[in-house]
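Residue numbers (the numbering used here), protein chains in the order written: chain A, 1 to 372; chain B, 1 to 153.
Simulated from the structure, these hints should not be mistaken for lab results. Small disclaimer: the values here were computed from a predicted structure and weren't measured. Since no wrong hints were added, every one of them can be taken at face value.
If you anchor each label on the Cβ, the simulated ranges turn out as follows:
id, chain 1, residue 1, chain 2, residue 2, range
1, B, 48, A, 288, 37 to 47 angstroms
2, A, 190, B, 19, 48 to 58 angstroms
3, B, 143, A, 302, 13 to 23 angstroms
4, A, 195, B, 92, 48 to 58 angstroms
5, A, 49, B, 89, 31 to 41 angstroms
6, A, 287, B, 41, 49 to 59 angstroms
Quick look at which bits of chain B chain A covers, simulated, 3 or more residues with Cβ under 8 angstroms:
id, stretch
7, 22-28
8, 54-65
9, 97-107
10, 129-138
Built from N, CA and C at the ideal position, the CB exists for glycine as well.
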Amino acid sequence: MKKEVVNEMKEQEYFINMGPQHPSTHGVLRLLLSLDGEIIKNVEPHLGYIHRSIEKMCERDSYKMIVHLTDRMDYLSCHMNNEAVCLSVEKAIELEVSDRVKVIRTIMSELTRLSSHQLWWGVMGMDLGAITSFLYGFRDREMITDIFEETCGARLTMNYNVPGGVMFDIPDNFQTKVKEFITHFRKKLPEYDDLLSNNIIFRSRTEGVGVLSKEDAISYGVTGPSGRASGFSCDIRKQNPYSAYDRVDFKEILYSTGDCFARYKSRIDEMWESMSIIEQLIDNIPEGSAREKTRAVIKLPKGEFYQKVETARGEFGVYIVSDGKKSPYRLKFRSPGFSTLNALNTMAKGSKIADLVAIMSTIDLVIPDIDR
Amino acid sequence: MNNQELKAKIESFGIEITFPEEETQFLTLTVNPSKLHELAKQLKEDNDTSFDYMFCQAGIDWEEYFEVIYHLRSTTHGHEVVVRTQITDRESPTVDSVYNLWKTADFHEREIFDLLGIKFNTHPDLRRIFLDDDWEGFPLRKDYKDDINIVEL
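Pulled out of the complex, with its shape left as it was, chain A reads as follows (with noise of 0.2 angstroms):
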């Protein structure tokens, strides 16, 4: 009598959720495990706990309004949301923007992504037991979060960029803040590799964890460091250089493993990257209008007009289809975070719960991002 039950409890699979308060899907994420033992059989995410559908919204609103509600999808990069909507504008009623915007647009996404990651990296680091890293991103992010206080008043969902420019020209000391955090910055960077990418403890939960193949990777759509690391080619800077990215040299970071670690190592890299994009424009602003006149209200062609521009999640794609009306008659978001969740379960499949949270870490998820 006993032996069976034991026979049965060995054979049984269960069910845990994790989330939608779970501090490692940073957000209101409800992930549901089948689970055999400790290892997972499958994850199925739940999602709409914050879904506000900003897609129905934008159909009832001006274009002008429509950039404010994209900080409010992936906050993290707010100031690259803001550019895509405003880019597809800008082409869509033929305005040229000037040099100096364009290279302001530059210098603030390449800040933006530093911050993204410099946030992502101390939350990681947290997720797998390390405290101290929480406190050195956040330290240095707070540099960074001055200079965008400093320029248009906001510290996180900063409405910056405008159809037609940016919203206030920058301010005189902006060169030198910007300078003076590159030089902190690179001192610091080298911090981060002794804490975490050196250490032995962070090495064994990170290399060889959470695979992602490059035909799954491309298959999923799954972009930005994320997809990169797994070896899929997808950076928009390079494909389809918007804004100052063509007159900029940089590299695309790559890796093949697509793991947890070569995801971490891509995003690593790519703040070295971000720090010699802004060291190449931030002494020669050019000078001009950093702000083109538009009319008060925006009225776009009939047609479609799709942008796509590179945030630090991933490929970022707006698709306005308009009927030459002020607002579009439909309203798309290709968001980065929502398709890389897709592949959440074929790299989860098969590990523990403890690497889970690994994995989630290195996906990098904003969750309004998903559930917009």
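Once you have looked at the hints, place chain B on chain A.
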């Protein structure tokens, strides 16, 4: 391959397709929903086209009909194409799923089903993705009315 060559190549598949008259950003083609999966398979598997990456899939309600739009890219050749298909049946709009070609269609098709109510045949797990299972109506349809959740400006 440039757009002209690509156009000739896709026409040589022998599937009935139409091209729009006005100029578009990407090479665009429209196909009947019944032929969609056949065309998609050819586009992905032919070595000259090899569209292996679907970067966007969207649905639109045009009131008279629904439209599903597939944005495709080839990672080997670097060319892009937009495939559109129009579904006139408003009561139960249905089109074949492309999940077996591009796995990203899993979430994208669930989203389109959730917000527009377009069903995808042979999708492995078609159910609402954002809204509750007992939600009534499809919010992105133009005739959707919700006095509580939608604030008009």
